[in-house]
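Undergrad: Sequence lines, in order, name chains A and B.
Going by this note's numbering, the first residue of the first sequence is number 5, and it counts up by one from there.
Going by this note's numbering, the first residue of the second sequence is number 5, and it counts up by one from there.
Among the hints, erroneous ones may be present.
[Said to hold, decoys possible] Straight-line Cα separation of at most 30 Å, BS3-like style, residue types lysine-lysine; simulated pairs:
{"id": "1", "chain 1": "A", "residue 1": "9", "chain 2": "B", "residue 2": "76"}
{"id": "2", "chain 1": "A", "residue 1": "29", "chain 2": "B", "residue 2": "76"}
{"id": "3", "chain 1": "B", "residue 1": "76", "chain 2": "A", "residue 2": "165"}
{"id": "4", "chain 1": "B", "residue 1": "46", "chain 2": "A", "residue 2": "76"}
{"id": "5", "chain 1": "B", "residue 1": "9", "chain 2": "A", "residue 2": "76"}
{"id": "6", "chain 1": "B", "residue 1": "76", "chain 2": "A", "residue 2": "46"}
{"id": "7", "chain 1": "B", "residue 1": "29", "chain 2": "A", "residue 2": "76"}
{"id": "8", "chain 1": "A", "residue 1": "57", "chain 2": "B", "residue 2": "57"}
{"id": "9", "chain 1": "A", "residue 1": "9", "chain 2": "A", "residue 2": "57"}
{"id": "10", "chain 1": "B", "residue 1": "29", "chain 2": "B", "residue 2": "57"}
{"id": "11", "chain 1": "A", "residue 1": "76", "chain 2": "B", "residue 2": "165"}
{"id": "12", "chain 1": "A", "residue 1": "165", "chain 2": "B", "residue 2": "165"}
{"id": "13", "chain 1": "A", "residue 1": "29", "chain 2": "A", "residue 2": "224"}
{"id": "14", "chain 1": "A", "residue 1": "165", "chain 2": "A", "residue 2": "224"}
{"id": "15", "chain 1": "A", "residue 1": "76", "chain 2": "B", "residue 2": "57"}
{"id": "16", "chain 1": "B", "residue 1": "76", "chain 2": "B", "residue 2": "29"}
{"id": "17", "chain 1": "A", "residue 1": "224", "chain 2": "A", "residue 2": "76"}
[What the hints assert, rightly or not] Label-pair distances were calculated between CB atoms; the ranges are:
{"id": "18", "chain 1": "B", "residue 1": "232", "chain 2": "A", "residue 2": "62", "range": "47 to 55 Å"}
{"id": "19", "chain 1": "B", "residue 1": "200", "chain 2": "A", "residue 2": "135", "range": "31 to 39 Å"}
{"id": "20", "chain 1": "B", "residue 1": "157", "chain 2": "A", "residue 2": "67", "range": "22 to 30 Å"}
{"id": "21", "chain 1": "A", "residue 1": "183", "chain 2": "B", "residue 2": "172", "range": "50 to 58 Å"}
{"id": "22", "chain 1": "B", "residue 1": "34", "chain 2": "A", "residue 2": "54", "range": "41 to 49 Å"}
{"id": "23", "chain 1": "A", "residue 1": "70", "chain 2": "B", "residue 2": "50", "range": "47 to 55 Å"}
{"id": "24", "chain 1": "A", "residue 1": "54", "chain 2": "B", "residue 2": "69", "range": "49 to 57 Å"}
{"id": "25", "chain 1": "A", "residue 1": "188", "chain 2": "B", "residue 2": "135", "range": "48 to 56 Å"}
{"id": "26", "chain 1": "B", "residue 1": "183", "chain 2": "A", "residue 2": "44", "range": "48 to 56 Å"}
{"id": "27", "chain 1": "A", "residue 1": "70", "chain 2": "B", "residue 2": "157", "range": "25 to 33 Å"}
{"id": "28", "chain 1": "B", "residue 1": "30", "chain 2": "A", "residue 2": "8", "range": "30 to 38 Å"}
{"id": "29", "chain 1": "B", "residue 1": "158", "chain 2": "A", "residue 2": "201", "range": "30 to 38 Å"}
{"id": "30", "chain 1": "B", "residue 1": "186", "chain 2": "A", "residue 2": "142", "range": "47 to 55 Å"}
{"id": "31", "chain 1": "B", "residue 1": "69", "chain 2": "A", "residue 2": "188", "range": "45 to 53 Å"}
Hint data in this document are derived by calculation from the structure and do not stem from the laboratory.
Every residue, glycine too, gets a C-beta built ideally from N, C-alpha and C.
2 protein chains.
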Amino acid sequence: MTRLKALVLLSGGMDSVTLAYFASKQYDVRLALSFNYGQRHKKELDFAREHAKRLGAEHRIIDLSHLCDLLKGSSLTQDDIIVPDGHYAEETMKATVVPNRNAMMLSIAYAAGISGGYSAVFTAVHAGDHFIYPDCRPQFISALDTALEIGNAGFNPQGLKIMAPFVSMTKAEIASTAHSLGVPLESTWSCYKGAALHCGTCGTCHERQEALWLAGVPDKTVYECPLPQFISERKA
Amino acid sequence: MTRLKALVLLSGGMDSVTLAYFASKQYDVRLALSFNYGQRHKKELDFAREHAKRLGAEHRIIDLSHLCDLLKGSSLTQDDIIVPDGHYAEETMKATVVPNRNAMMLSIAYAAGISGGYSAVFTAVHAGDHFIYPDCRPQFISALDTALEIGNAGFNPQGLKIMAPFVSMTKAEIASTAHSLGVPLESTWSCYKGAALHCGTCGTCHERQEALWLAGVPDKTVYECPLPQFISERKA
Numbered sequence: 005m006t007r008l009k010a011l012v013l014l015s016g017g018m019d020s021v022t023l024a025y026f027a028s029k030q031y032d033v034r035l036a037l038s039f040n041y042g043q044r045h046k047k048e049l050d051f052a053r054e055h056a057k058r059l060g061a062e063h064r065i066i067d068l069s070h071l072c073d074l075l076k077g078s079s080l081t082q083d084d085i086i087v088p089d090g091h092y093a094e095e096t097m098k099a100t101v102v103p104n105r106n107a108m109m110l111s112i113a114y115a116a117g118i119s120g121g122y123s124a125v126f127t128a129v130h131a132g133d134h135f136i137y138p139d140c141r142p143q144f145i146s147a148l149d150t151a152l153e154i155g156n157a158g159f160n161p162q163g164l165k166i167m168a169p170f171v172s173m174t175k176a177e178i179a180s181t182a183h184s185l186g187v188p189l190e191s192t193w194s195c196y197k198g199a200a201l202h203c204g205t206c207g208t209c210h211e212r213q214e215a216l217w218l219a220g221v222p223d224k225t226v227y228e229c230p231l232p233q234f235i236s237e238r239k240a
Numbered sequence: 005m006t007r008l009k010a011l012v013l014l015s016g017g018m019d020s021v022t023l024a025y026f027a028s029k030q031y032d033v034r035l036a037l038s039f040n041y042g043q044r045h046k047k048e049l050d051f052a053r054e055h056a057k058r059l060g061a062e063h064r065i066i067d068l069s070h071l072c073d074l075l076k077g078s079s080l081t082q083d084d085i086i087v088p089d090g091h092y093a094e095e096t097m098k099a100t101v102v103p104n105r106n107a108m109m110l111s112i113a114y115a116a117g118i119s120g121g122y123s124a125v126f127t128a129v130h131a132g133d134h135f136i137y138p139d140c141r142p143q144f145i146s147a148l149d150t151a152l153e154i155g156n157a158g159f160n161p162q163g164l165k166i167m168a169p170f171v172s173m174t175k176a177e178i179a180s181t182a183h184s185l186g187v188p189l190e191s192t193w194s195c196y197k198g199a200a201l202h203c204g205t206c207g208t209c210h211e212r213q214e215a216l217w218l219a220g221v222p223d224k225t226v227y228e229c230p231l232p233q234f235i236s237e238r239k240a
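One chain only, chain A, in its complex shape (with noise of 0.2 Å):
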């Protein structure tokens, strides 16, 4: 049976990595993109470019760098605001918040779905984002897709749709799920700060050892300063 063609937003961390390898079970993945804008960690764009070539996509980096001081406010994308420290879930962790972020993305993959006849545009948005960002939450997801159904209305012969089967599962069912699929989440580049070592203490890096400590799933990152609370089980 011919697979229905697929294209993922591959930014080259844990989650979106796992999703491309997902996908590719049911789907033909044929492209995956990923975006520069103007994030500290551009280092994930090296995973990302990686995963797509084992898995036989396309992959393009779409630049919006030069939007950087338009979409100001970000510790991600500024120098001058620090990256927080401490757990995902914190007030603090709005500093990470990049405007709109989620939908520049889809909107820009969405164009490019329908113009190479692709059925699924995939998205690693999960439930553990819900709470500082906005832009992941099913909610907006779907009315995204509604959106954009209704704005290419009768030239979208393939009835592509954004796709999200992460959305309610927490980054542990995630890191369980890569596992079961054998992806090697050693090469995924999660931390905010982008240095050569994920640092261990921002939100991003705090989040994935706590994930894959939950799933019980061996951690071969190697971080400058590893959180203390996971490091008996990594060790294990």
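Could you slot chain B onto chain A? The hints should help.
TA: Positioned in the frame of chain A, the structure of chain B alone reads:
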């Protein structure tokens, strides 16, 4: 009274240029965004720059031209597809559809609006576009505005809205509006072919001549090959 801050999607065509002047009556139009998506008629961008300057707004061109090959299928971005002649409201004009164009542009503008503390993003979609372009219809604008409101919940203290004041107006009504506002329409660009002069025969040149003729507004545009049915009125 302090006026609220607004940004305008400004292509350099007669609709969006008129909109910019219209919006300036009530809002403090600080930013005008134009897009280079690989269109043949990049010439319009020069007119956008000129009017932004007149209105005292910062003008930014967002470069999406590197996406051009992902947005294939439109005569506006592909040299091997001919720009059709004829009336705008014809099936053949479907060749001028750039998939999901307004969602991409509005999502980026909305992001800039949230970051910059703006209250309104203005778009010049109008009733004459509805037949061909699904992303110019009021249902789409409304659905996208709802989606983006949900996607930025908690980060939108100014209550940013997408404003489409021309969405139910004909192009002739826009021409009348321009005339009453004193907008110099001869300094706007419509032609999809983007040569030295307006061709006079493509869909948008046809629509431009018809709109000015219907509105009884003198057409000072120089056309390569003006449509005879509108010539007598133009001379009058």
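Undergrad: I want to verify a distance hint. Is the separation of the beta carbons of residue 70/A and residue 157/B within 25 to 33 Å?
TA: holds, 28 Å
Undergrad: Take a look at whether the Cβ-Cβ distance between residue 70/A and residue 50/B falls inside 47 to 55 Å.
TA: violated, 19 Å
Undergrad: Starting from residue 76/B, check that the Cα of residue 29/B is at most 30 Å away, please.
TA: violated, 38 Å
Undergrad: Hey, residue 76/B versus residue 46/A, does the alpha-carbon distance stay inside 30 Å?
TA: The given pair, whose Cα atoms are some 28 Å apart, holds under the 30 Å limit.
Undergrad: Is the distance from the Cβ of residue 200/B to the Cβ of residue 135/A consistent with 31 to 39 Å?
TA: Violated, at about 56 Å.
Undergrad: Could you check the hint for me, namely that residue 54/A and residue 69/B are 49 to 57 Å apart, CB to CB?
TA: violated, 27 Å
Undergrad: Check whether the Cα positions of residue 46/B and residue 76/A lie no farther apart than 30 Å.
TA: holds, 28 Å
Undergrad: Are residue 9/A and residue 57/A close enough, with their CA atoms no more than 30 Å apart?
TA: holds, 17 Å
Undergrad: Within 30 Å, alpha carbon to alpha carbon, are residue 29/A and residue 76/B?
TA: holds, 28 Å
Undergrad: Run the distance test for residue 29/B versus residue 76/A: straight-line Cα separation, threshold 30 Å.
TA: Holds. Residue 29/B to residue 76/A sits at ~28 Å (cutoff 30 Å).
Undergrad: Holds or violated: residue 29/A and residue 224/A, Cα atoms, limit 30 Å.
TA: holds, 25 Å
Undergrad: Could you tell me whether the CB distance from residue 30/B to residue 8/A stays inside 30 to 38 Å?
TA: Roughly 48 Å apart at Cβ, these two residues miss the hinted range, so it is violated.
Hint compliance for this structure: hints 8, 14, 16, 17, 19, 23, 24, 28 and 31 are broken, all remaining hints hold.
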